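Using the sequences provided together with the hints, build the complete structure.
Number of protein chains: 2
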Amino acid sequence: MVVMKDVAEAAGVSTATVSRVLNKSADVDPALVSRVMSAVERLKYKPNLTARGLRTQSTPVIALIISDIENPFFTSVCRGVEDVASSAGYSVMLCNADGDLAKEQEYISMLSSQNVSGVIISPASYDSTDVTPLVERGINILTIDRELPIDCDAVRINNQLGSQIATQHLLSSGARRVACITGPRFASTARDRLAGYVQALEAAGLVAEADLQFYSDFKDEGGYHAIGLLLEMEDPPDAIFVTNNRMTTGALHALKEFDVSIPDEVSLVGFDDLPWADIVSPGVTTVRQPTYEMGTAAARRLIERLEGDDSAPQTIVFDPELIVRASSVKTRTIRQPLKRKSV
Amino acid sequence: MVVMKDVAEAAGVSTATVSRVLNKSADVDPALVSRVMSAVERLKYKPNLTARGLRTQSTPVIALIISDIENPFFTSVCRGVEDVASSAGYSVMLCNADGDLAKEQEYISMLSSQNVSGVIISPASYDSTDVTPLVERGINILTIDRELPIDCDAVRINNQLGSQIATQHLLSSGARRVACITGPRFASTARDRLAGYVQALEAAGLVAEADLQFYSDFKDEGGYHAIGLLLEMEDPPDAIFVTNNRMTTGALHALKEFDVSIPDEVSLVGFDDLPWADIVSPGVTTVRQPTYEMGTAAARRLIERLEGDDSAPQTIVFDPELIVRASSVKTRTIRQPLKRKSV
DNA sequence: TTGTAAGCGTTATCAA
DNA sequence: TTGATAACGCTTACAA
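In order, the protein sequence lines correspond to chains W and R.
Take the first sequence: its letter number 314 is residue 436 in this note's numbering, and every next letter is one higher.
Take the second sequence: its letter number 86 is residue 208 in this note's numbering, and every next letter is one higher.
In short, the hints are calculated from the structure, not lab data.
Remember, predicted model here, so these are calculated numbers, not experimental data.
Keep in mind that the hints are not guaranteed to be accurate.
Each pair may be met inside one copy or between any two copies, as identical chains are not told apart.
To be verified - Taking lysine-lysine and the DSS-like style, the derived pairs with C-alpha atoms no more than 30 Å apart in a straight line are:
{"#": "1", "residue 1": "K127", "residue 2": "K341"}
{"#": "2", "residue 1": "K166", "residue 2": "K225"}
{"#": "3", "residue 1": "K146", "residue 2": "K225"}
{"#": "4", "residue 1": "K341", "residue 2": "K166"}
{"#": "5", "residue 1": "K378", "residue 2": "K341"}
{"#": "6", "residue 1": "K378", "residue 2": "K127"}
{"#": "7", "residue 1": "K146", "residue 2": "K168"}
{"#": "8", "residue 1": "K146", "residue 2": "K127"}
{"#": "9", "residue 1": "K168", "residue 2": "K225"}
{"#": "10", "residue 1": "K341", "residue 2": "K146"}
{"#": "11", "residue 1": "K146", "residue 2": "K166"}
{"#": "12", "residue 1": "K225", "residue 2": "K378"}
{"#": "13", "residue 1": "K341", "residue 2": "K168"}
{"#": "14", "residue 1": "K341", "residue 2": "K225"}
{"#": "15", "residue 1": "K166", "residue 2": "K127"}
{"#": "16", "residue 1": "K378", "residue 2": "K146"}
{"#": "17", "residue 1": "K378", "residue 2": "K166"}
{"#": "18", "residue 1": "K378", "residue 2": "K168"}
See below:
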């Protein structure tokens with residue numbers, strides 16, 4: 123393997139000079155610069171990033187810890203992060219913690235051993251995710267989507283607002299009993315989205331009934347299962363607000379399987395847009411988040427920190443947008459009884 | 123920051139002994155072991171992976187270079203790779219080359235600078251992707267999905283077989299003129315899948331007409347656009363085989379927009395399963411690949427190499443599976459004219 | 001079994 | 001402006 127020493131010898135200079143040329147860290151005689159560069163070219167020298175990392179105590183790597191790589195929300199965020207990071211010279215280390223606290227903790231520990239420059243994390247839990255190993259090593263942290271009870275940069279959407287506009291929309295489209303399927307209690311997003319739904323109901327002069335609120339898991343199965351419970355109710359809802367995309371997918375599976383017609387028997391609004399929301403019939407009304415932009419914003423903010431910005435931590439809040447499609451607009455005004463037709 | 127020297131002093135031993143204990147690289151007196159371990163515990167020592175990497179000339183990192191992180195195929199593969207890698211103690215560095223040759227080449231160069239242990243790559247191009255920077259550094263390479271004209275491990279599906287069963291199925295379900303929308307010429311998968319389609323037609327005694335074969339881009343837009351072209355034809359097809367999932371999505375968009383009824387006016391089969399293939403109406407018949415298993419197989423094979431296996435390179439070929447849904451099974455036998463109804 | 005010390009490939013300090 | 005040289009934190013001959 124060709125190392126810096128080889129380049130130095132070939133160019134007839136010291137390794138210090140080669141390093142200066144490569145990093146533009148000091149003025150070097152133009153003649154030497156060109157000798158060095160041509161030697162680099164000729165020998166196809168590539169700097170050893172590990173050695174550089176040991177010396178400088180940092181590597182140009184940003185870690186991204188997420189809870190579900192198969193969720194289109196995260197893949198889009200991931201693309202945003204990756205695009206900004208790589209064009210700024212950073213690589214992205216992807217860590218899929220799978221919503222598993224232990225796995226997440228292992229990643230956090232591992233990353234504190236690697237000298238990664240910064241970490242973007244969508245924590246599995248508000249209370250239990252422990253990032254102190256990173257903090258102790260002085261590694262910059264930024265939360266995305268979900269928050270953490272520490273003082274750090276954050277990028278998220280206005281979750282309450284998103285739920286409010288979704289719920290309001292359902293009510294103004296003729297719904298009278300709106301149910302909400304939300305995520306696990308330990309996720310800040312699940313709580314905020316449920317809160318927005320409750321607020322919208324109350325603002326409309328309605329009572330938020332506890333038996334119309336379902337805590338689930340943000341996964342397909344959870345949405346599927348919750349629909350099963352809903353359909354068994356004495357007085358079932360005529361509209362459902364599902365607070366993330368994977369549960370919306372599960373809900374659609376269940377509704378199709380039980381042959382429930384949307385939107386006449388039950389209206390549906392999901393949180394997070396879906397790539398195929400307008401291919402299905404009826405199209406699914408969703409609260410869209412600017413996922414890619416959230417990813418780029420996160421990476422940009424973190425990189426600013428890495429380059430020395432030490433201003434107070436900042437929370438960047440994006441606004442959601444309601445994409446109205448057919449699933450939430452009732453075509454008949456006669457209330458249909460919502461009952462399971464087939465099992 | 124606490125380093126090995128601190129642990130050594132706290133335990134009253136040399137750094138060499140600490141290292142031996144931590145790596146179990148030699149027998150150490152049990153008494154010293156426990157002294158070292160408790161010092162590690164007490165000081166919360168974490169080994170510096172960069173330093174170790176410099177010394178051992180390798181880091182426990184596997185890079186994954188893919189062309190489209192938003193494609194469910196790759197996210198699933200990615201999960202498979204990640205699961206196996208992380209349980210074997212490797213981190214995964216995700217590189218989304220976006221199908222862009224220049225970006226891909228930059229990643230390859232960067233990775234050869236980092237001392238990654240191995241690279242799993244789905245190359246952007248059969249001919250133009252150049253992995254020599256990795257080969258020169260002795261970094262292990264494994265291709266996934268698409269192949270490369272070098273002698274290395276590979277994991278892929280039997281593409282020709284997949285196309286054959288898809289095409290045969292369309293023919294036996296009543297289709298008479300089957301079109302094929304495939305990917306770019308420079309992708310081995312695009313060529314192989316087209317070849318399988320041609321073979322199936324010929325095996326059925328039909329001629330593979332050139333004007334029914336479309337080279338596209340494996341992206342949504344490509345599928346959408348191709349449908350537009352198809353609908354303009356003098357003698358349009360009564361069935362379409364689309365060779366990847368994103369183009370299938372685009373095709374469905376177009377068919378819905380132009381109000382073409384599936385499967386009566388045109389049958390449809392896609393390659394790669396879709397998470398929502400059975401939510402849409404009609405459900406989409408697809409050729410399913412065992413994506414997660416392909417990812418785990420790839421990671422396992424690569425890690426075997428990293429741990430010293432130097433047997434001859436091996437290609438692991440998986441078999442596709444046809445998932446028949448309603449999009450490919452004609453309900454009426456009367457041939458419907460396929461014409462665009464709205465624009 | 002344990003310790004000493006060299007060295008991995010850089011960058012950064014200090015003289016010249 | 002340039003060059004010796006000492007780190008960076010770890011692993012591993014080699015000695016003891």
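Status of the hints after comparison with the structure:
For a Cα distance limit of 30 Å, the shortest separation of K127 from K341 qualifies neither inside one copy, at 54 Å, nor across copies, at 46 Å. In the homo-oligomer, the alpha carbons of K166 and K225 lie at most 30 Å apart only across protomers (19 Å), although the nearest pairing inside one protomer, at 40 Å, exceeds that limit. Only between protomers do K146 and K225 lie at most 30 Å apart by alpha-carbon distance; the minimum there is 24 Å, versus 41 Å within a single protomer. In this assembly of identical chains, the alpha carbons of K341 and K166 never lie at most 30 Å apart, being 49 Å within a copy and 36 Å across copies at closest.
Proximity of K378 and K341 under a CA criterion of 30 Å is satisfied in both settings, with 18 Å inside one chain copy and 28 Å between copies. In this assembly of identical chains, the alpha carbons of K378 and K127 never lie at most 30 Å apart, being 68 Å within a copy and 64 Å across copies at closest. Taking CA atoms no more than 30 Å apart as the test, K146 paired with K168 passes inside one copy only; the shortest distance there is 16 Å, against 33 Å between copies. Taking the closest pair of Cα atoms, K146 and K127 come within 30 Å of each other only inside a single copy of the chain (18 Å); across copies the shortest separation is 34 Å, beyond that limit.
In this assembly of identical chains, K168 and K225 lie within 30 Å of each other by CA distance solely across copies; the values are 17 Å between and 34 Å within a copy. Taking the shortest Cα distances, K341 and K146 never come within 30 Å of each other, neither inside one copy (50 Å) nor across copies (41 Å). For the homomeric pair K146 and K166, the shortest alpha-carbon distance inside one copy (19 Å) is at most 30 Å, but the shortest distance between copies (37 Å) is not. Proximity of K225 to K378 under the C-alpha cut-off of 30 Å is found in neither arrangement, the shortest distances being 35 Å within a copy and 42 Å between copies.
Proximity of K341 to K168 under the C-alpha cut-off of 30 Å is found in neither arrangement, the shortest distances being 44 Å within a copy and 35 Å between copies. Taking the shortest alpha-carbon separations for K341 and K225, only the intra-copy value of 18 Å comes in at or below 30 Å, while the best inter-copy value is 34 Å. In this homomeric assembly, K166 and K127 come within 30 Å of each other (Cα to Cα) only inside a single copy, at 13 Å, whereas the closest approach across copies is 37 Å. For the identical chains of this complex, K378 and K146 are neighbours neither inside a copy (62 Å) nor across copies (56 Å), given an alpha-carbon limit of 30 Å.
For the identical chains of this complex, K378 and K166 are neighbours neither inside a copy (60 Å) nor across copies (53 Å), given an alpha-carbon limit of 30 Å. Taking identical chains as interchangeable, the C-alpha atoms of K378 and K168 are never at most 30 Å apart, the minima being 57 Å within one chain and 52 Å between chains.
Checked against the numbered hints above, the structure violates hints 1, 4, 6, 10, 12, 13, 16, 17 and 18; every other hint is satisfied.
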